[in-house]
Amino acid sequence: MVTFAVRRLLLLIPILFGLSILVFLFVRALPGGPEAALLGERATPERAAQVRAAYGFDQPLLVQYGKYLNQAVHLNLGVSTRYRTDVIDEITRRFPATIELGLSAIVFAIVVGIPLGYLAAQRRGTWLDNLSTVGSLLGIAIPVFVLGPLLKYVFAIKLGWLPSSGRQDTRMFFDAEHPTNFFVLDGLITGNLPAAWDAVKHLILPAAALGTIPLAFITRITRAAVLEVTGADFVRTAEAKGLTRAVVTRRHVLRNAMLPVVTIIGLQTGLLLSGAILTENVFAIQGMGQLMSGAIFDRDYAVLQGGILFLATVFILINLLVDLSYGLFDPRVRQTA
Amino acid sequence: MSIIEVAGPGGFQGGEAMVQPAEETSAGLLRDAFRRLRRNPLAIFGSVLIAIFVVVAVFAPLLAPYDPVATDLSQIRPGKFPGPSAEHLLGLDQLGRDELSRLIYGARYSLLIGVVSTAMGASVGMSFGLLAGAFGGWVDSLVMRLMDVMLSIPGLLLAIGVAAVLGRSIVSIMIAVAVVNVPIFARLLRSSMLVQGRSDYVLASRSLGVKRRKIVLGHVLPNSLAPVIVQATLALATAIVEAAGLAYLGLGSEDPRIPEWGRMLAETQSFLSSAPLLALWPGIAIVVSVLGFYLVGEALREALDPKLRS
Amino acid sequence: MTETRVSVSDRAYDGPLLSVRDLRVTFSGRGRHDVRAVDGVDLELAAGSTTGIVGESGSGKSVSSLAALGLLKGRGVTVEGSVRLNGRELLTMPDAQLRDIRGREVAMIFQDPMSALNPVLTIGRQLTEVLTRHAGLDKREAMVRAGELLEAVGISAPGQRLKQWPHQLSGGMRQRVMIAIALACSPRLLIADEPTTALDVTISAQILELLRTLVADTGTALVLITHDLGVVAGLCDTVHVMYSGRIVESTDRRQLFAAPRHPYTTGLLASVPRLDQPRGTPLLPIPGSPSDTRPWRTGCAFGPRCSRHDEACDGGPPTLAEHAPGHLARCIHPVVPAVPKAPAGPS
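Protein chains in written order, with my numbering: chain Y, 24 to 360; chain P, 141 to 450; chain U, 6 to 352.
There could be a bad hint or two in this list.
[Unchecked claim] Pulled a few chain Y residues facing chain P out of the computed Cβ check, cut under 10 Å:
#1 Ile44
#2 Leu53
#3 Gly89
#4 Lys90
#5 Met315
Source of the hints: derived by calculation from the structure; they are not laboratory data.
Think of the CB as a built atom: it goes at the ideal place given N, C-alpha and C, for glycine as much as any other residue.
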């Protein structure tokens with residue numbers, strides 16, 4: 024298991040390198056350069072040259088890359104032209120919101136999806152099964168930016184049960200303390216339960232919108248996997264051994280059915296990053312997603328560069344974790360490269 | 141968010157399993173698959189949806205009752221837009237334009253963007269895959285490392301990056317979505333070629349001295365057609381959604397007259413309480429078109445799966 | 006293998022160990038007609054006996070045993086008739102009780118050892134779970150016992166093997182593990198369904214030899230289901246031949262091979278190429294295929310392929326009649342063995 028993990032980690036290095044090169048080149052390809060962002064239309068050739076020199080754009084490419092890499096490793100991702108703060112600070116401030124959102128969404132998808140898929144497989148052909156099939160097909164086809172507004176309209180505007188945007192009620196936001204920037208957690212550790220509950224309420228709709236697509240996939244895969252495994256020979260052996268139905272289901276059917284499900288969960292978690300960008304936009308949540316989409320319009324290249332590098336690295340790490348967990352569940356995988 | 145991405149890094153789970161051994165012709169496989177599709181109710185439903193979508197897109201000028209760009213501000217009151225009526229079946233939008241006509245013309249943009257970006261992404265991707273698979277060795281490693289790096293950036297983020305470099309326009313959306321598709325098709329074709337390369341027919345051909353190009357072009361490529369078609373269908377579904385998503389974020393054309401569905405959705409966000417229906421129509425349109433391609437793509441995949449055949 | 010007879014309801018019962026009466030299994034699919042996989046099977050087994058059930062695919066041999074143990078649950082499956090183990094009716098037994106019996110009093114091993122073992126559990130686990138379930142051992146005791154079992158089936162370095170996974174073992178070893186699992190709780194009856202079909206010849210021979218010795222040592226009754234006459238010849242005292250869901254011939258091994266009565270059996274025997282035939286002798290397959298059949302209730306199901314067939318065969322179902330002592334055959338025109346002629350007298 025350990026060699027498997029180490030091997031996987033080593034494979035990461037060339038990819039991270041390649042990623043850094045790609046992002047580096049990307050920023051150099053952006054139209055305008057830093058002088059356009061800082062000076063806008065008031066740019067004279069001399070001032071533009073000054074800005075470029077300040078940002079090190081006048082030096083040979085390799086030198087620039089070296090500096091950039093060095094800075095990145097020390098977590099110096101530059102300064103945001105819009106916010107006038109360190110990019111890394113902006114990221115640290117906003118990433119917890121995205122994590123909260125993403126985590127709630129995937130937990131929602133797993134907690135509802137796996138049992139639903141299992142039940143659908145058990146009651147194959149019944150109304151429950153057909154309903155879940157139709158439901159998951161729809162879930163896959165309805166994008167986040169369609170479902171989000173729909174949920175907002177029904178539950179926030181029409182019914183008024185839940186808030187329609189943001190992470191917390193404005194007044195509560197100013198009153199409460201936010202040591203970690205994970206609003207729900209903050210409320211709990213500062214003993215401010217109403218604030219925690221308010222944060223939860225603000226999470227429900229966005230998490231449901233973001234989590235619906237993963238939910239649909241997880242349900243489908245769980246159902247298919249359970250059906251396939253139930254007909255497998257080793258399940259017949261388990262039955263022939265006289266094991267109780269509960270043991271057969273848990274130790275033989277589910278443990279094997281979960282293998283493809285874990286793969287799907289892993290894939291979906293990575294994609295939550297993409298979905299979060301849209302969800303944060305719909306529900307006006309100040310997370311990484313909003314930071315990124317805003318950075319394009321503001322021509323805040325430092326943020327774009329740092330943000331893409333950061334998010335892609337997180338994505339790679341998530342995929343690595345998924346790979347490793349797969350190795351944990353399926354002993355056959357540990358043997359292969 | 142991407143339907144293809146979620147289905148699996150190699151294209152989708154079992155992508156390699158779907159590649160056929162040399163003994164079966166792709167043509168026979170497709171014929172077999174279509175026969176099975178005809179009996180699948182979901183596939184039929186999906187095809188109908190696709191047909192509607194394509195017809196509406198192609199014949200938009202004939203079908204749209206009004207000019208999608210013509211505004212009629214006389215009917216607009218602050219915070220109140222006329223809802224569905226006999227003259228305007230879906231009502232007017234916030235600038236007094238006929239919603240139905242905008243929706244119909246929007247289909248054109250979606251179809252165009254979807255088809256073009258998928259075609260671009262698929263051809264570039266398959267070229268990479270072909271190079272990697274045909275030459276092997278360091279070419280293969282280099283190309284696949286590049287593809288891995290591209291895959292390491294989540295789809296939408298990559299698209300945003302590309303759109304940032306190219307500026308805000310419809311073309312940049314097309315290119316962005318195409319770029320996201322490149323590594324997926326590259327991987328698919330390469331793995332297909334690897335599997336085919338081990339098949340008896342190819343080994344026999346090589347031992348007879350048949351030129352590599354002939355083997356690749358004449359045999360391997362045609363037999364890889366099946367998984368590529370499935371992938372292309374699913375990719376089309378994803379492309380429509382991704383393009384709409386990018387437009388929603390404001391990365392599409394800056395021209396406010398263009399009736400692109402994603403953009404229409406973004407514009408209606410602010411009137412969610414006063415005119416909820418306006419926010420609904422483009423959403424339904426997107427879902428219908430995506431659903432159609434997805435149903436057919438999935439049905440095709442099941443129909444071509446060697447495990448389920450015989 | 007040391008005997009640890011586990012507590013079993015030992016009500017004094019003197020009757021056959023297993024008694025099957027008119028077992029019928031029907032598969033009904035959506036929109037398709039019902040298929041009678043097993044069409045009235047009767048047989049009896051004595052404790053400690055070795056019995057072979059021979060037949061082609063589709064003869065119903067595997068389905069019979071699966072149905073008897075309640076392993077054929079599912080929509081569209083109907084099992085009728087009677088199966089009594091030590092006098093207790095299995096077909097109507099509630100599921101929980103049936104699960105107590107499976108693995109403990111009756112065990113079964115299957116054809117493909119790779120797919121028959123759970124790929125994500127260690128060998129040790131797959132052994133101990135039977136022991137903890139039926140033999141009341143705790144985890145540690147069970148692991149020790151599992152090691153002993155592996156040794157008994159001829160697996161070396163059992164301590165190592167216990168920690169390995171199925172994919173790390175060869176086919177032959179996996180089948181040995183299956184046998185170990187089956188015999189772990191000293192069942193009274195072991196059903197082996199095509200145990201060597203997926204293995205190559207030399208390994209097959211070893212596995213069969215293993216089965217023979219184990220079964221003889223422990224006094225377990227064995228039912229060996231196969232399509233291979235050779236397997237049966239070495240191992241089974243009694244042989245039943247099945248065709249199209251019914252038993253068509255039953256006798257002891259010697260009689261079956263020396264003087265078969267049913268045309269299907271003679272056909273099977275004749276189709277096996279023999280070393281003592283001159284070169285160039287054509288192979289004699291049974292003409293037609295299993296699908297050239299008819300329902301038993303209308304006549305003999307083998308009729309369409311039989312060389313001895315006539316109109317009387319189509320009149321109604323032939324019964325299983327005793328054509329010689331201890332030798333039953335379901336045929337109205339059985340093959341009569343040649344009586345050796347008296348040697349010619351001095352001219």
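Status of the hints after comparison with the structure:
Hint on Ile44(Y) holds. Least Cβ distance to chain P is approximately 8 Å, under the 10 Å limit. Nearest Cβ of chain P to the Cβ of Leu53(Y): about 6 Å, under the 10 Å cut. The hint holds. Taking 10 Å as the C-beta cut-off, the interface hint given for Gly89(Y) is violated, the closest approach to chain P being about 19 Å. The interface hint given for Lys90(Y) is broken, as the beta carbon of that residue sits about 21 Å from the closest beta carbon of chain P, more than 10 Å.
Hint status for Met315(Y): holds, given a least beta-carbon distance of 6 Å to chain P, under 10 Å.
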